[in-house]
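Going line by line, the protein sequences match chains A and B. Under my numbering, the first residue of the first sequence carries the number 1, and numbering increases by one thereafter. Under my numbering, the first residue of the second sequence carries the number 1, and numbering increases by one thereafter.
What the hints contain is simulated information worked out from the structure, not anything from laboratory work. It cannot be assumed that every hint is accurate.
[As the list claims (entries may be wrong)] DEER-style ranges, computed between Cβ atoms:
| no. | chain 1 | residue 1 | chain 2 | residue 2 | range |
| --- | --- | --- | --- | --- | --- |
| 1 | B | Arg-109 | A | Gly-114 | 50 to 56 Å |
| 2 | A | Ile-12 | B | His-121 | 29 to 35 Å |
| 3 | A | Thr-42 | B | Asp-92 | 26 to 32 Å |
| 4 | B | Ser-124 | A | Glu-112 | 39 to 45 Å |
| 5 | B | His-110 | A | Gly-43 | 39 to 45 Å |
| 6 | B | His-121 | A | Ala-113 | 38 to 44 Å |
Just so you know, even glycine gets a beta-carbon here, dropped at the ideal spot from N, CA and C.
Number of protein chains: 2
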Amino acid sequence: MAEAPEKKIDPIRETDDEARALARALIDGARFGALGVRDPETGAPMVSRVAVGTTEEGAPVTLVSDLSHHTKALKADPVCSLLVGEPGPKGDPLTHPRITLQCRARFLRHGEAGHGPLRAHYLSQHPKAQLYIDFADFSFAVLDVAEAHLNGGFGKAYRLGPGDLGL
Amino acid sequence: MAEAPEKKIDPIRETDDEARALARALIDGARFGALGVRDPETGAPMVSRVAVGTTEEGAPVTLVSDLSHHTKALKADPVCSLLVGEPGPKGDPLTHPRITLQCRARFLRHGEAGHGPLRAHYLSQHPKAQLYIDFADFSFAVLDVAEAHLNGGFGKAYRLGPGDLGL
Chain A
1 MAEAPEKKID PIRETDDEAR ALARALIDGA RFGALGVRDP ETGAPMVSRV
51 AVGTTEEGAP VTLVSDLSHH TKALKADPVC SLLVGEPGPK GDPLTHPRIT
101 LQCRARFLRH GEAGHGPLRA HYLSQHPKAQ LYIDFADFSF AVLDVAEAHL
151 NGGFGKAYRL GPGDLGL
Chain B
1 MAEAPEKKID PIRETDDEAR ALARALIDGA RFGALGVRDP ETGAPMVSRV
51 AVGTTEEGAP VTLVSDLSHH TKALKADPVC SLLVGEPGPK GDPLTHPRIT
101 LQCRARFLRH GEAGHGPLRA HYLSQHPKAQ LYIDFADFSF AVLDVAEAHL
151 NGGFGKAYRL GPGDLGL
């Protein structure tokens, strides 16, 4: 077989304002997502569901328990990936837009500078988190975005940087 | 601070038939999921949405294009993780049951033994895949499960092996 002409079939489109707005809307609209971490024992990727909100600056943030496997993994290695943009109950889930955020997690614990304002902001997005947000084992993991891969549906792929997301 | 009494707060329950049935139902009911791979360039975890079906034996399987980033990643390193069990539009998504499958991907391409029967079985689950299943760049990645982490909602965590899933 002939070698594939990689450059000609690069499926990444040039980033435009429409892509930037879609990316921002997917992050702002997310209430949960799929977080990928490296298992500290094996190094294998491991995906779990986490709650997702945003900081006042618009960075994605999750609220996690020290007891959870992904928190232990992020403490060992903060490099992670977050997929947001959930399909509705109807239609082809693979045509629904979604975005993969390549991130580093930064923990913010009770009593640390900025925890109070973020707590208030997060509760405005996740009122039910009131039930456990003050538990000693819960802390925020702010996900600082290094790169984003937007998929707006078949054939609509974009690569974005933090600046494209207003971060 | 005192050290946490880790053994007493181990959140993993003993696996029972109810957990096995729930795990199986989540896999059988999945039409898509979040796949975690290792980025071949950086080693970072990377999560993307994939279609999910099952083989006749009940193993999870996805249909992927050679052009996609996750396919390139799986070819470089077949160790991966699949999260299935999607919340509905209502209720708290973190109380909705889901399962994380730690897997190795095994590709099955057009013309290889077993592709025809798997193609027919997959199309019975994903009729719309008829549109692209025969494209030369599409192949199956059967996900052989090594271990599973079931989360049936807050405080209902289980660790399962392939035998618990009938695999």
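Exercise for review: Determine whether the Cβ-Cβ distance between B:Ser-124 and A:Glu-112 falls within the hinted range of 39 to 45 Å.
Suggested key: violated (53 Å)
**Study point:** Satisfaction of the hinted span 29 to 35 Å by the C-beta atoms belonging to A:Ile-12 and B:His-121
**Key:** holds (33 Å)
Review point. Is the gap between the beta carbons of A:Thr-42 and B:Asp-92 within 26 to 32 Å?
Key: holds (30 Å)
Practice item. Could you check the hint for me, namely that B:Arg-109 and A:Gly-114 are 50 to 56 Å apart, CB to CB? Key: Given range 50 to 56 Å: holds, Cβ gap about 51 Å.
Review point. Cβ-Cβ distance between B:His-110 and A:Gly-43: within 39 to 45 Å?
Key: 32 Å Cβ-Cβ, so the 39 to 45 Å window is violated.
Check your understanding: Within 38 to 44 Å or not, the Cβ separation of B:His-121 and A:Ala-113?
Key -> With a Cβ separation near 56 Å, B:His-121 and A:Ala-113 fall outside 38 to 44 Å, so the hint is violated.
Of the numbered hints stated above, those contradicted by the structure are hints 4, 5, 6, listed in ascending order.
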